[in-house]
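Asks: Residue strings, one per chain:
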Amino acid sequence: AQSVTQPDIHITVSEGASLELRCNYSYGATPYLFWYVQSPGQGLQLLLKYFSGDTLVQGIKGFEAEFKRSQSSFNLRKPSVHWSDAAEYFCAASFTGTASKLTFGTGTRLQVTL
Amino acid sequence: NAGVTQTPKFRVLKTGQSMTLLCAQDMNHEYMYWYRQDPGMGLRLIHYSVGEGTTAKGEVPDGYNVSRLKKQNFLLGLESAAPSQTSVYFCASSTGTIRYEQYFGPGTRLTVT
Numbered sequence: 001a002q003s004v005t006q007p008d009i010h011i012t013v014s015e016g017a018s019l020e021l022r023c024n025y026s027y028g029a030t031p032y033l034f035w036y037v038q039s040p041g042q043g044l045q046l047l048l049k050y051f052s053g054d055t056l057v058q059g060i061k062g063f064e065a066e067f068k069r070s071q072s073s074f075n076l077r078k079p080s081v082h083w084s085d086a087a088e089y090f091c092a093a094s095f096t097g098t099a100s101k102l103t104f105g106t107g108t109r110l111q112v113t114l
Numbered sequence: 001n002a003g004v005t006q007t008p009k010f011r012v013l014k015t016g017q018s019m020t021l022l023c024a025q026d027m028n029h030e031y032m033y034w035y036r037q038d039p040g041m042g043l044r045l046i047h048y049s050v051g052e053g054t055t056a057k058g059e060v061p062d063g064y065n066v067s068r069l070k071k072q073n074f075l076l077g078l079e080s081a082a083p084s085q086t087s088v089y090f091c092a093s094s095t096g097t098i099r100y101e102q103y104f105g106p107g108t109r110l111t112v113t
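Residue numbers (my numbering), protein chains in the order written: chain A, 1 to 114; chain B, 1 to 113.
Honestly, I wouldn't trust all of these hints.
Selected chain B positions facing chain A (in silico; Cβ < 8 Å) [said to hold, decoys possible]:
| no. | residue |
| --- | --- |
| 1 | Phe10 |
| 2 | Gly40 |
| 3 | Gly53 |
| 4 | Pro83 |
| 5 | Phe90 |
| 6 | Ser94 |
Just so you know, these hints were derived from the structure itself, not from any lab. Virtual Cβ for every residue (Gly too), placed ideally from N, Cα, C.
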């Protein structure tokens, strides 16, 4: 079955430190991959997406993600975290022939300490 | 351009009561989706629609019904609410082309006592 795994439930980083959030998928072919962010009490906002081509994709708010086919991973990174980045982050995948439905990971909650 | 809106924002129901959640989008999107979000479980797809007059089951459809009578609206109904349906419900819409993102509403927090 198609699945998306985010192994880290909760991560704490200091402001100014670098960040990497992990995401792995399980599927026979390369899915379409997305990272969404959810601030407290809000809906989800798209950070970035990957379909094909360059495996390093840039998104909004200074985030980037790298697709690694050999590891079935799509990890999210940011060089320097700001306190306003504290939120929950969801990795999601859409698989061909599924009416563009998204399969979500369980999310990683990011806490930023000052 | 309001994007995706959801009504109501909060609701408390007693077990066995019924209610309808309304999702509206003004982006002329073909596809619409209903998800529920529970702690530690991410978002799970309840039902979705690939166009006006069509609906289909998602991952967790039991206890819910949906209707898409107009392209811009997608209704989620609970006929007999249960405490297990306490959750935050999100509606989303998309063009239907897999390359394009889903746009999410602000959510409805439902508590069933």
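Asks: Would you mind marking each hint as holding or not holding in the structure?
Replies: Here's how the hints hold up against the structure:
no., hint, in the structure
1, Phe10, "violated, 11 Å"
2, Gly40, "holds, 6 Å"
3, Gly53, "violated, 15 Å"
4, Pro83, "violated, 22 Å"
5, Phe90, "holds, 6 Å"
6, Ser94, "holds, 6 Å"
When each numbered hint is compared with the structure, violations occur for hints 1, 3 and 4.
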